[in-house]
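Novice: Note that the protein sequences, when read in sequence, are chains P, U, D and H. Just so we're aligned, residue 0 is where the first sequence starts under numbering that gives the first Met the number 0, counting upward by one. Just so we're aligned, residue 0 is where the second sequence starts under numbering that gives the first Met the number 0, counting upward by one. Just so we're aligned, residue 0 is where the third sequence starts under numbering that gives the first Met the number 0, counting upward by one. Just so we're aligned, residue 0 is where the fourth sequence starts under numbering that gives the first Met the number 0, counting upward by one.
Calculated directly from the structure, the hints in this document are not laboratory data. There could be a bad hint or two in this list.
Listed below are several chain U residues computed to face chain P (Cβ distance under 8 angstroms; list not exhaustive) [unchecked claim]:
{"no.": "1", "residue": "Ile128"}
{"no.": "2", "residue": "Trp130"}
{"no.": "3", "residue": "Ile132"}
{"no.": "4", "residue": "Pro134"}
{"no.": "5", "residue": "Glu156"}
{"no.": "6", "residue": "Phe158"}
{"no.": "7", "residue": "Glu165"}
{"no.": "8", "residue": "Gln166"}
Note that CB positions come from ideal geometry on N, CA and C, so glycine has one too.
4 protein chains.
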Amino acid sequence: MSKVINVTIWNEFRHEKTVDEVKALYPDGLHAYLKSVLECDEVKITLAALDDGPEHGLTDDVLNNTDVLMWWGHMAHHEVNDDIVEKVRERVYMGMGLIVMHSGHYSKVFQRVVGTTGNLLWGANVKEIIWNINPTHPIAEGIPSHFKLDAEEIYSEPFQIPQPEEQVFQGWYETGFVFRSGCCWTRGFGKIFYFQPGHETVPTFYNKYVQKILANAIRWAAPKETGYQKINYAPCVGDQFVSDDELDFFKK
Amino acid sequence: MSKVINVTIWNEFRHEKTVDEVKALYPDGLHAYLKSVLECDEVKITLAALDDGPEHGLTDDVLNNTDVLMWWGHMAHHEVNDDIVEKVRERVYMGMGLIVMHSGHYSKVFQRVVGTTGNLLWGANVKEIIWNINPTHPIAEGIPSHFKLDAEEIYSEPFQIPQPEEQVFQGWYETGFVFRSGCCWTRGFGKIFYFQPGHETVPTFYNKYVQKILANAIRWAAPKETGYQKINYAPCVGDQFVSDDELDFFKK
Amino acid sequence: MSKVINVTIWNEFRHEKTVDEVKALYPDGLHAYLKSVLECDEVKITLAALDDGPEHGLTDDVLNNTDVLMWWGHMAHHEVNDDIVEKVRERVYMGMGLIVMHSGHYSKVFQRVVGTTGNLLWGANVKEIIWNINPTHPIAEGIPSHFKLDAEEIYSEPFQIPQPEEQVFQGWYETGFVFRSGCCWTRGFGKIFYFQPGHETVPTFYNKYVQKILANAIRWAAPKETGYQKINYAPCVGDQFVSDDELDFFKK
Amino acid sequence: MSKVINVTIWNEFRHEKTVDEVKALYPDGLHAYLKSVLECDEVKITLAALDDGPEHGLTDDVLNNTDVLMWWGHMAHHEVNDDIVEKVRERVYMGMGLIVMHSGHYSKVFQRVVGTTGNLLWGANVKEIIWNINPTHPIAEGIPSHFKLDAEEIYSEPFQIPQPEEQVFQGWYETGFVFRSGCCWTRGFGKIFYFQPGHETVPTFYNKYVQKILANAIRWAAPKETGYQKINYAPCVGDQFVSDDELDFFKK
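When you get a sec, could you build the whole thing from the sequences and use the hints?
Specialist: As structure tokens, then:
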């Protein structure tokens, strides 16, 4: 538990350069702001962005040293290189945690890792209440029964996702909409958390509960040290009776 | 599929005798009203009530001929005989479907069959919107993306239930609350559907979508004819290699 | 229920041309053999193979008219065009059923649709017993408590898959191995069934229970007619209160 | 994490007094033996047995100070007082962990907490191989891909349980049977783990991997400190808009 968790926050990082209200909130990018509030002795954070070279900052060296990848993208999902998406997918299956934020519901990474379209309804920025429906879940630690965001972009059901293995949060919008705001899945050996709040034109990431949820999610999604994650093949066992000596695939 | 489904609707049937506004809506009991709208060639309905004798109308003869049991109770959960609760539980485990409506979330039957307290927040009658979040589920057949109830009793998260195997509906209340309004589980070989709308002082059961949902749920929860439901024991298989001839427990 | 289900059976169709023992079992390909035993008034079957042109027989016209896709591949997974894999994935998310057989566990289609590596142990052809662990599941209809295959290729745990939403079959091998032989998931609006038996050098597909399981799976995986499957976008709902008139996305 | 976990091991404790081979293995009871191998600074263990008075050693004082209850019963399930079963059930729903061992599959506690009959096939003591099918699960920490028990009682599918939320182990028996040997569920706020090995006439509990699995399960099932577990009622929220100040039910 005292092991350091290596987190990479990936951000499309375009709106912060071109839209004044976003720039005002996150002058160095929302990934940099998240780093400033989430980094600590236990969590070491690397930043990466769409325009950080042909691999979008997700070189093999970065990915191979990432325990948990956080993802924020919005208008340029299609610009993300398919080879990088495949590398992320494979690494999640090997155990890397993945936290997809807000408009990342439509990213190739979310679609391919979880297996869905991510379709939903969306709308204006209105008042949202986030309900904590799974209060003993690790991601809900320290979160009250509910909290309010004065403005968040409407994301509404029907949200086209596989039934979550665990749902932690539920969103209510003043204009009549609802959303499964915090959902967990596993894929391969990796844990995935989708969290809906985080629109770029409102100060959602400044909210202390949003920050606490993301901090909890990092610890929840971090892979355990079994060494199993490094097994990525299908060994042949022949026609002999199973042998303890030959077959412990979990030893490194 | 052309087989008749035998449904028993169990109702506490007290409010309809003592509260004028309930009596006005359901002069013969809400179970009788539901029978009038749900019965058809495919669905044959029996009625039972708390005050129908010491077994509350759920004699062995009735239970043994019930494919799907619908349950509405409210203030007198504690008056339901524990032996009857155990018989219902065992029969659900053997394959009988169970549809628990509204305040039945606090019935012994729901608590013991599903395994939970059923705790929740509750409040006044306010406007509710029911969202259909699982539109290809059999229980959602013919239901639009959402529909409104001008007044329903607030039932709010945190709702203390095991993660539903499938969630079909989500409720939004105008005073800021949310609820998992339609949830599915299996227990033993039985299917269970909990449906939140159905307060006794408002005309919820007159709503055509509510009726359609209950009609769909009856068909979804009805047991299939495998004969397996009749197996209720743990046979000994000795020390011999498994044999096809001796061990087909699914034959009647 | 009387609607015809359009099934496409996709086969790598290489071993049947090059390996004598496979050719002897399936002279026209195992897909053709499966068609001969599965086609009926209710099920209309189209065949497609890896070498049927650049789209491997899965043209838009074929895919758009497929309710359930069955997939058998083995040594040439890497030759399957990524664009076709993406089309299959998207169509499953829109509601097409997918039945992946045997060595298809390593196909791109299985990996990307379900979201996993499909890693497992494998070995020689030995005796297998298939246990029916979910006898009231629609895919288990008519299947006894267990049946034997005199020889099937060993596929053993650890099988790297997300926890199945439903497991129907469990395999036992005489050399000490076990496998989750029949598993169900949903992705988007599509249902997926993975079934382990089906090695090309043994007559597994001639087994009457294997045939019955595949016939059941076709009916289980076929999409229901809700029209919802045709929605593949994220509509904007603006800042107004939710309106019934404007927002029924489930109408065609 | 440095908090002490209070475990109570409940044992029927009859066979150890009457059957020589059991007495030889566990002269002070299998619960006492388990205490001797599981107790440590982090885990404090209390013992309780069927014949420890009318409450079977599970007084309110004991139960209210139990974080994780371990349960082993066999021939006298029917002698367990229903009131105690209900207290256990309620306390699990409030967050107490429950580890049910071996023949406890037929205990009232397992049946009522999880919601099932627990029916299965059973037979002689034969060689079993336990496969670790979920190697990154906390309960599988330090467990190899598989290990052997020279003799365990056959417990075979079909095992009548709700689909496990997570399955960790799979059993193989030399006479052709299989079993879901380690399964997880949640009920209310409590976590439940069922573990099949543990027959009284064979030295299963002396196996180091069995001991490690039980030690892991204690840590996995122990409730987290949210205070939420103490909420056991349904508060009224009236007709006002939801208020942060009035409604944080998670504060003690």
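Novice: Identify whether the interface hint at tryptophan 130 of chain U stands, where standing means a beta carbon of chain P within less than 8 angstroms of its own.
Specialist: At 5 angstroms from the nearest chain P Cβ, tryptophan 130 of chain U passes the 8 angstroms test, so the hint holds.
Novice: Going by Cβ atoms only, is glutamate 156 of chain U closer than 8 angstroms to chain P?
Specialist: Holds. Min distance 4 angstroms.
Novice: Against chain P, is isoleucine 132 of chain U within 8 angstroms by beta-carbon distance?
Specialist: Check passed: Cβ of isoleucine 132 of chain U comes within 4 angstroms of chain P, closer than 8 angstroms.
Novice: Closer than 8 angstroms between Cβ atoms is the bar; does phenylalanine 158 of chain U clear it against chain P? Give me holds or violated.
Specialist: Cβ of phenylalanine 158 of chain U sits 7 angstroms from chain P, so the hint holds.
Novice: Can the hint on proline 134 of chain U be confirmed by a CB-to-CB distance to chain P that is less than 8 angstroms?
Specialist: Since the shortest Cβ distance to chain P is 6 angstroms, the answer is holds.
Novice: Holds or violated: is there a CB of chain P closer than 8 angstroms to the CB of glutamate 165 of chain U?
Specialist: 6 angstroms, holds
Novice: Given a cut of 8 angstroms on the nearest C-beta pair, is the interface hint for glutamine 166 of chain U held or broken against chain P?
Specialist: 7 angstroms, holds
Novice: Quick check on the hint: isoleucine 128 of chain U CB to chain P CB, less than 8 angstroms?
Specialist: 5 angstroms, holds
This entry satisfies every hint, going by the numbered hints stated previously.
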